[in-house]
Structures are given as C-alpha cells and as structure tokens.
Amino acid sequence: MKVLIAQPKRESTLESLKKVISIRPNVDIILFPEGYFSSDKIESVSQLAKDLNVYIVCGYKDQESKDRAIIINPFGKVILERAKTPEGESLYVPSKVEDGGRKFGFVLCREIFQGINGMGQEQVDIIFNPIGVGMFSEEQFTQWTGEARKLAVEQQTIVVGVSHADGSYRDCGFSIPIAYCFDKNGKDLLILKNDTRSIIIDTESHSAEFVKYAPVF
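Quick note: the sequence shown uses my numbering, first residue 1, plus one each step.
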C-alpha cells in the first residue's frame, strides 16, 4: 500500500486536503491528523475520497468539539467512526475494521498508550495513529515513538502516525511536529521531527518520497 502522510496546519477549511487531492497522488490512503475537520465537513471529505478513489483516515471534531476517529473508503463510505477513548479506560471499539480485502487498525492520538492492551490479536495490515498536535517535549517524543514501536511488534504490523504542523498541547507554546512509520519489527521506515513536508510511504517496498506540489505564482 502507498500512504500519503500530511502534516497540515490547523484550519477551519479543507484547503490542505484539497491541495493534496489536486495533485492526484498515486496512493491508496491519505492520512491526516486528529481533529483535522469538523463534523459538518464529513460529506465533503467523503466526496473527496470518492473523487480520488482513496481511503481518507484522520480524526474530526463533533458538534461538541470532542475528538472522534474516522476512516472513509474509496466509495465515500464511512467504514469506521467512534469516539476517542478517555484516559484510564479500555480502548473503545471498533479499533479494527476490514474493507475491500484490507484490514485496518486505529488508535486516535494518545490511544497509542492503550493499544497494546486494547487492540486484541486479530491481524491487520496497518495501524493508524492520527495525532492532534506535536510533542510537548523531547521526552514525550521518545515515549510516543517508543510506544508505537512496541505496538508494531506486538501486533506484527506497520504503525503510522502524524500530527498537525502547528499548535501545542494545551497551548503550552512548545511543539515538535511529528510523522512516523515503523514496520512489524519496530524498524524505522520514517521519522520526521520538525519536518512538516508531506511524504508517501510504500509499505511493500519500504520506500519513501516527499510530495512535490506545483509552485504557486
């Protein structure tokens, strides 16, 4: 599978997603961060997935501004949608879904720390980890990527995650934007730290290439 990983700035429109769609990337999946769009944009995002014939994976805000997980398939159908698991509780379901012969796992932001005990043993092809904002410290960066590695090994699959390019945890003023991908052995396929370029990961060849956008004049 080819996965386009994007680190947009937080926005109330869908301009960053439309920009990705506009270049017609040859990918199977587009991964955006947690809370990228609001619930009133679900229909528009579904149409974009259908237009490009791709899966769109991210998090969105509901009408009460609560974070929720969502996967939309290439036919514009929502195949996974649920609330974010509160801290200290067991991982909400569904955390795995099958569609078109592919099996996906989903841990929304800090659910990465609930995944090992909560995802069960059913094999999936890839696990997604949309993240709201970047890491608030170097220590958190190390903890987060370490947990993602452990989940990849535990589930024997690829784990991929991405944050927004801007914003900070509880507006603390410090943020390390992040994008990562680990294989089933916990090996780095990608770690972007303070590098907010969009990138395409090929999970079969384990190769990566940065996305090239047309210049704006």
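Treat the hints as calculated values from the structure; they're not laboratory data. We treat Cβ as the ideally placed atom computed from N, Cα and C, and that holds for glycine. One should not assume that every hint holds.
Mimicking BS3-like on lysine-lysine, the simulated pairs with C-alpha atoms at most 27 Å apart in a straight line are [said to hold, decoys possible]: (1) K66 - K18; (2) K193 - K77; (3) K19 - K150; (4) K193 - K50; (5) K18 - K41; (6) K61 - K50; (7) K150 - K212; (8) K193 - K18; (9) K41 - K61; (10) K41 - K9; (11) K41 - K2; (12) K96 - K41; (13) K77 - K61; (14) K19 - K9; (15) K150 - K77; (16) K9 - K66; (17) K103 - K150; (18) K212 - K193; (19) K96 - K77; (20) K77 - K41; (21) K96 - K2.
Now the in silico label distances, taken between C-beta atoms and shown as ranges [to be verified]: (22) E138 - R10: 21 to 29 Å; (23) A208 - V78: 27 to 35 Å; (24) N185 - V78: 16 to 24 Å; (25) E15 - K184: 17 to 25 Å; (26) Q156 - V78: 24 to 32 Å; (27) P86 - F210: 14 to 22 Å; (28) G146 - D125: 30 to 38 Å; (29) S90 - K50: 16 to 24 Å.
Now for the hints, and whether the structure bears them out:
no., hint, verdict
1, K66 - K18, "holds (24 Å)"
2, K193 - K77, "violated (33 Å)"
3, K19 - K150, "violated (34 Å)"
4, K193 - K50, "violated (31 Å)"
5, K18 - K41, "holds (12 Å)"
6, K61 - K50, "holds (21 Å)"
7, K150 - K212, "violated (32 Å)"
8, K193 - K18, "holds (24 Å)"
9, K41 - K61, "holds (10 Å)"
10, K41 - K9, "holds (17 Å)"
11, K41 - K2, "holds (25 Å)"
12, K96 - K41, "holds (23 Å)"
13, K77 - K61, "holds (18 Å)"
14, K19 - K9, "holds (13 Å)"
15, K150 - K77, "violated (31 Å)"
16, K9 - K66, "holds (19 Å)"
17, K103 - K150, "holds (19 Å)"
18, K212 - K193, "holds (19 Å)"
19, K96 - K77, "holds (16 Å)"
20, K77 - K41, "holds (14 Å)"
21, K96 - K2, "holds (19 Å)"
22, E138 - R10: 21 to 29 Å, "holds (23 Å)"
23, A208 - V78: 27 to 35 Å, "holds (28 Å)"
24, N185 - V78: 16 to 24 Å, "violated (32 Å)"
25, E15 - K184: 17 to 25 Å, "violated (35 Å)"
26, Q156 - V78: 24 to 32 Å, "holds (27 Å)"
27, P86 - F210: 14 to 22 Å, "violated (36 Å)"
28, G146 - D125: 30 to 38 Å, "violated (23 Å)"
29, S90 - K50: 16 to 24 Å, "violated (34 Å)"
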